[in-house]
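For the protein sequence lines, the chains are C and P, in the order given. Heads up: the first sequence is residues 1 to 465, going by this note's numbering. Heads up: the second sequence is residues 1 to 204, going by this note's numbering.
It should be emphasised that the hints constitute simulated quantities derived from the structure, not laboratory data. Treat each hint with caution, since some may be false.
To be verified - Ranges between beta-carbon positions, derived for each pair:
{"#": "1", "chain 1": "P", "residue 1": "L126", "chain 2": "C", "residue 2": "S32", "range": "43 to 51 Å"}
{"#": "2", "chain 1": "P", "residue 1": "F199", "chain 2": "C", "residue 2": "P65", "range": "54 to 62 Å"}
{"#": "3", "chain 1": "P", "residue 1": "A195", "chain 2": "C", "residue 2": "G77", "range": "52 to 60 Å"}
{"#": "4", "chain 1": "P", "residue 1": "K168", "chain 2": "C", "residue 2": "A139", "range": "20 to 28 Å"}
{"#": "5", "chain 1": "C", "residue 1": "A139", "chain 2": "P", "residue 2": "S186", "range": "24 to 32 Å"}
What the hints assert, rightly or not - Derived BS3-like pairs: lysine-lysine, alpha-carbon spacing no greater than 25 Å straight-line:
{"#": "6", "chain 1": "P", "residue 1": "K133", "chain 2": "P", "residue 2": "K198"}
{"#": "7", "chain 1": "P", "residue 1": "K108", "chain 2": "P", "residue 2": "K133"}
{"#": "8", "chain 1": "P", "residue 1": "K168", "chain 2": "P", "residue 2": "K141"}
{"#": "9", "chain 1": "P", "residue 1": "K141", "chain 2": "P", "residue 2": "K108"}
{"#": "10", "chain 1": "C", "residue 1": "K123", "chain 2": "P", "residue 2": "K141"}
{"#": "11", "chain 1": "C", "residue 1": "K123", "chain 2": "P", "residue 2": "K198"}
{"#": "12", "chain 1": "C", "residue 1": "K226", "chain 2": "C", "residue 2": "K247"}
{"#": "13", "chain 1": "P", "residue 1": "K133", "chain 2": "C", "residue 2": "K56"}
{"#": "14", "chain 1": "P", "residue 1": "K198", "chain 2": "P", "residue 2": "K141"}
{"#": "15", "chain 1": "C", "residue 1": "K56", "chain 2": "P", "residue 2": "K141"}
{"#": "16", "chain 1": "P", "residue 1": "K133", "chain 2": "P", "residue 2": "K168"}
If you're wondering where the values come from, they're calculated on a predicted model, not measured in any experiment. Even glycine gets a Cβ: it sits at the ideal position worked out from N, Cα and C.
What follows is the residue order along each chain.
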Amino acid sequence: MLVSGAALLLACGAFIGYDLFSFRQAVLNNLSIQAQIAGSNAVSALLFDDQNSAEKTLSALRVSPAIISAGILTPEGRPFAAYSRDKDDQIQILPRLAAGQTETHRFGDSEVLLVQSIVFQGKPIGIVYIRSGLDVLYARLRLYLGISAIVLAVSLLAALLISPIFQRQISRPIAQLAEIAQLVSRDKNYSVRAAESNSRDEVSVLVEAFNSMLSQIQERDQALRKAHDELEQRVQERTTELDNINKELEAFSYSVSHDLRAPLRAIDGFSQALLEDFGEKLDSMGQDHLHRVRLAAQRMSALIDDLLNLSRVTRSEIHRETLDLSAVVRATADELQRGAPSRNVNFVITDGLKVNGDSRLLRVAIENLLGNAWKYTSGHSCARIEFGLYQSNGRPAYFVRDDGAGFDPRYSQRLFGAFQRLHASSEFPGTGIGLATVQRIVRRHGGEIWAEGEVEKGATFYFTL
Amino acid sequence: MKRFINTESFLNVFLAQRTKRYLTSLLLITSFFLQPSISYTQQRNASEYEVKATYLYNFGRFVHWSADASFAKNESFPICVIGQDPFGTTLDTILSGETIEGRPVVAKRVSKPQDALDCRILYISLSENARLKETLAGLDKAGVLTVSDIPQFSERGGMIQFVLVGNKIRFEVNLTSAQDAGLTMSSDLLKVATAVRKFSQLGD
Numbered sequence: 001m002l003v004s005g006a007a008l009l010l011a012c013g014a015f016i017g018y019d020l021f022s023f024r025q026a027v028l029n030n031l032s033i034q035a036q037i038a039g040s041n042a043v044s045a046l047l048f049d050d051q052n053s054a055e056k057t058l059s060a061l062r063v064s065p066a067i068i069s070a071g072i073l074t075p076e077g078r079p080f081a082a083y084s085r086d087k088d089d090q091i092q093i094l095p096r097l098a099a100g101q102t103e104t105h106r107f108g109d110s111e112v113l114l115v116q117s118i119v120f121q122g123k124p125i126g127i128v129y130i131r132s133g134l135d136v137l138y139a140r141l142r143l144y145l146g147i148s149a150i151v152l153a154v155s156l157l158a159a160l161l162i163s164p165i166f167q168r169q170i171s172r173p174i175a176q177l178a179e180i181a182q183l184v185s186r187d188k189n190y191s192v193r194a195a196e197s198n199s200r201d202e203v204s205v206l207v208e209a210f211n212s213m214l215s216q217i218q219e220r221d222q223a224l225r226k227a228h229d230e231l232e233q234r235v236q237e238r239t240t241e242l243d244n245i246n247k248e249l250e251a252f253s254y255s256v257s258h259d260l261r262a263p264l265r266a267i268d269g270f271s272q273a274l275l276e277d278f279g280e281k282l283d284s285m286g287q288d289h290l291h292r293v294r295l296a297a298q299r300m301s302a303l304i305d306d307l308l309n310l311s312r313v314t315r316s317e318i319h320r321e322t323l324d325l326s327a328v329v330r331a332t333a334d335e336l337q338r339g340a341p342s343r344n345v346n347f348v349i350t351d352g353l354k355v356n357g358d359s360r361l362l363r364v365a366i367e368n369l370l371g372n373a374w375k376y377t378s379g380h381s382c383a384r385i386e387f388g389l390y391q392s393n394g395r396p397a398y399f400v401r402d403d404g405a406g407f408d409p410r411y412s413q414r415l416f417g418a419f420q421r422l423h424a425s426s427e428f429p430g431t432g433i434g435l436a437t438v439q440r441i442v443r444r445h446g447g448e449i450w451a452e453g454e455v456e457k458g459a460t461f462y463f464t465l
Numbered sequence: 001m002k003r004f005i006n007t008e009s010f011l012n013v014f015l016a017q018r019t020k021r022y023l024t025s026l027l028l029i030t031s032f033f034l035q036p037s038i039s040y041t042q043q044r045n046a047s048e049y050e051v052k053a054t055y056l057y058n059f060g061r062f063v064h065w066s067a068d069a070s071f072a073k074n075e076s077f078p079i080c081v082i083g084q085d086p087f088g089t090t091l092d093t094i095l096s097g098e099t100i101e102g103r104p105v106v107a108k109r110v111s112k113p114q115d116a117l118d119c120r121i122l123y124i125s126l127s128e129n130a131r132l133k134e135t136l137a138g139l140d141k142a143g144v145l146t147v148s149d150i151p152q153f154s155e156r157g158g159m160i161q162f163v164l165v166g167n168k169i170r171f172e173v174n175l176t177s178a179q180d181a182g183l184t185m186s187s188d189l190l191k192v193a194t195a196v197r198k199f200s201q202l203g204d
């Protein structure tokens with residue numbers, strides 16, 4: 001309503017403005033012509049100094065009721081003849097004609113003054129001026145304003161009366177559609193439908209399409225829910241399955257640790273007893289055998305422990321927290337040093353490296369890595385073990401580096417396999433599970449581990465989390 | 001110079017040559033001392049013939065000559081004075097540089113009507129009053145616009161006669177004479193004439 005009213009007003013204004021402008025031009029043209037006619041008729045009067053003749057010429061302007069006064073002047077500007085519609089007429093101060101200018105005009109309030117040079121056979125011989133009233137112009141303006149006002153009022157009234165009809169047909173259904181769309185998005189209730197009308201116009205087509213769209217959405221939504229529920233159920237089943245498996249595994253490892261260990265303890269214990277009680281009765285070979293039996297039992301026990309650790313790692317949940325990895329490394333290093341204070345090892349640890357991960361598992365990993373580094377540098381009198389951060393392809397990786405025995409890079413694939421050992425146990429003791437455990441821990445944190453090394457030049461283990 | 005010559009023309013009518021010369025030089029000497037009053041009188045006289053000279057030129061702008069063989073050949077537009085010249089150099093000054101119908105206007109003095117045949121406009125001086133009939137007869141149908149101050153000029157067959165109305169120089173027109181000579185007078189000209197007469201040539 002407001003918009004159309006404003007548009008109408010603007011259009012009316014533009015038309016009126018243009019018309020007034022062109023009317024003003026027409027008035028000026030008209031005056032110019034009248035001045036020319038008067039001027040050319042007064043030529044001989046000017047040339048032969050006949051003021052009466054000039055005045056007679058000017059008086060012909062009486063036929064134009066709009067003309068208030070007119071006059072003819074000599075080229076020097078002296079009055080020669082004059083005409084005035086009404087008896088009283090003020091003396092005019094005429095605008096001067098510039099050199100070369102043949103006509104000029106000036107608009108006053110409700111009148112216009114035109115001044116024109118009278119030219120005869122190429123020579124200016126006088127000046128004619130006409131004063132015309134603009135009442136006609138203003139009357140026209142008032143008429144136009146009146147008409148515009150009436151037209152505006154009538155059309156606004158008509159719009160007011162007709163709009164309810166259009167509202168019913170168009171606006172209301174569309175508004176309703178908008179409402180329903182909002183309702184659906186807000187409440188996620190896909191069962192509502194827009195009210196259909198019997199008319200076969202574009203709006204009803206829109207409503208139908210909208211409704212069918214809603215039906216489709218509803219179907220999809222229901223299918224989604226069903227799939228979701230099914231999935232939930234499957235997940236539930238799997239979880240229960242997994243839980244069961246886990247429980248079984250727990251029971252298994254418990255029984256393993258218990259049941260396997262008991263005979264082991266027996267083997268070890270009785271071997272020790274044998275050595276202690278009957279050691280003198282045996283010769284060196286016999287004692288050696290018994291030592292070996294004991295060693296093997298102990299080794300098997302260690303293996304069982306490591307396996308249990310490994311399985312525990314795989315089973316346990318990760319509790320992620322912010323952890324100062326450098327502190328863990330330092331603590332582990334201190335422990336190792338305390339265990340063998342005679343060894344000269346230089347630990348280079350980058351401080352302040354914080355990670356987000358399970359503190360227990362990461363501690364195990366660090367213990368394993370540092371333990372390995374400690375073990376494999378034992379052959380050297382002076383060793384260097386380094387822990388820090390390394391940027392690889394934009395992803396930061398932590399590393400533990402030692403300058404110990406190293407390994408043959410051709411066998412780097414086998415490093416992380418369980419029970420895989422690249423060194424004989426005579427050189428370096430170990431179960432071969434440590435790195436497998438570290439790999440499992442790193443993988444569970446969503447990271448990767450890899451190693452670089454050379455024989456006798458040390459090894460570097462990189463891992464990301 | 002102007003003033004001097006007009007005084008001379010005034011004296012011409014009444015005095016002999018020698019006396020005229022003596023008086024002229026006397027007046028010339030005294031004029032320097034009596035400048036104000038004499039010049040005022042001379043001014044008024046000068047204005048009169050300035051105005052008339054201007055009018056002679058203007059008449060030419062409102063009269064149409066029929067396409068005549070003799071005039072077509074003529075490159076200039078001569079405005080002539082026959083008889084004793086009352087204008088003097090005023091005429092030449094006012095006419096210099098002007099054109100009518102694209103032809104340059106020239107001032108000429110003639111003494112016989114035959115010499116005036118190729119004039120367009122001829123001012124007949126007061127001195128020709130006695131010989132008017134012959135003069136006009138000599139110009140018969142020659143297409144010359146005759147203008148004069150001579151009394152009853154238009155009744156006697158002249159075309160434009162200067163008259164004094166109040167203190168304004170006006171003129172009356174004999175339309176018939178003009179038409180007989182093949183001249184067309186613009187209605188604008190007739191509008192400002194004091195009288196438009198239709199006499200056929202009567203002579204004295």
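Now for the hints, and whether the structure bears them out:
1. Here the CB-CB span from P/L126 to C/S32 is close to 47 Å, well matched to the stated 43 to 51 Å.
2. Between P/F199 and C/P65, the C-beta spacing of about 44 Å breaks the proposed range 54 to 62 Å.
3. Roughly 32 Å separates the CB atoms of P/A195 and C/G77, a value that falls outside the hinted 52 to 60 Å.
4. Range check, P/K168 to C/A139: Cβ separation about 45 Å, and the 20 to 28 Å hint is violated.
5. Distance hint check: the CB atoms of C/A139 and P/S186 are about 41 Å apart, inconsistent with the given range 24 to 32 Å.
6. A hinted pair counts as satisfied when its Cα atoms are at most 25 Å apart, and P/K133 with P/K198 qualifies at roughly 18 Å.
7. The suggested pairing of P/K108 with P/K133 holds, with an alpha-carbon distance near 22 Å, which does not exceed 25 Å.
8. Under the criterion of a C-alpha separation no larger than 25 Å, the hint pairing P/K168 with P/K141 is inconsistent with the structure, at around 31 Å.
9. Taking the CA atoms of P/K141 and P/K108, the gap is near 20 Å; set against the 25 Å cutoff, the hint holds.
10. A C-alpha spacing of about 32 Å is found between C/K123 and P/K141, which places the hinted pair above 25 Å, so the restraint is violated.
11. For the hint linking C/K123 to P/K198, the alpha-carbon distance of about 33 Å lies beyond 25 Å, and the restraint is violated.
12. Taken as a hint, the C/K226 and C/K247 pair is broken in the structure, with Cα atoms around 31 Å apart against an allowance of 25 Å.
13. A threshold of 25 Å between alpha carbons decides the hint, and for P/K133 with C/K56 the separation of about 38 Å lies outside it, so the pair is violated.
14. Taken as a hint, the P/K198 and P/K141 pair is honoured in the structure, with Cα atoms around 17 Å apart against an allowance of 25 Å.
15. Restraint check for C/K56 and P/K141: the C-alpha separation of about 35 Å exceeds 25 Å, so the hint is violated.
16. Straight-line distance between C-alpha atoms of P/K133 and P/K168 comes to about 28 Å, which puts the hinted pair past the 25 Å bound.
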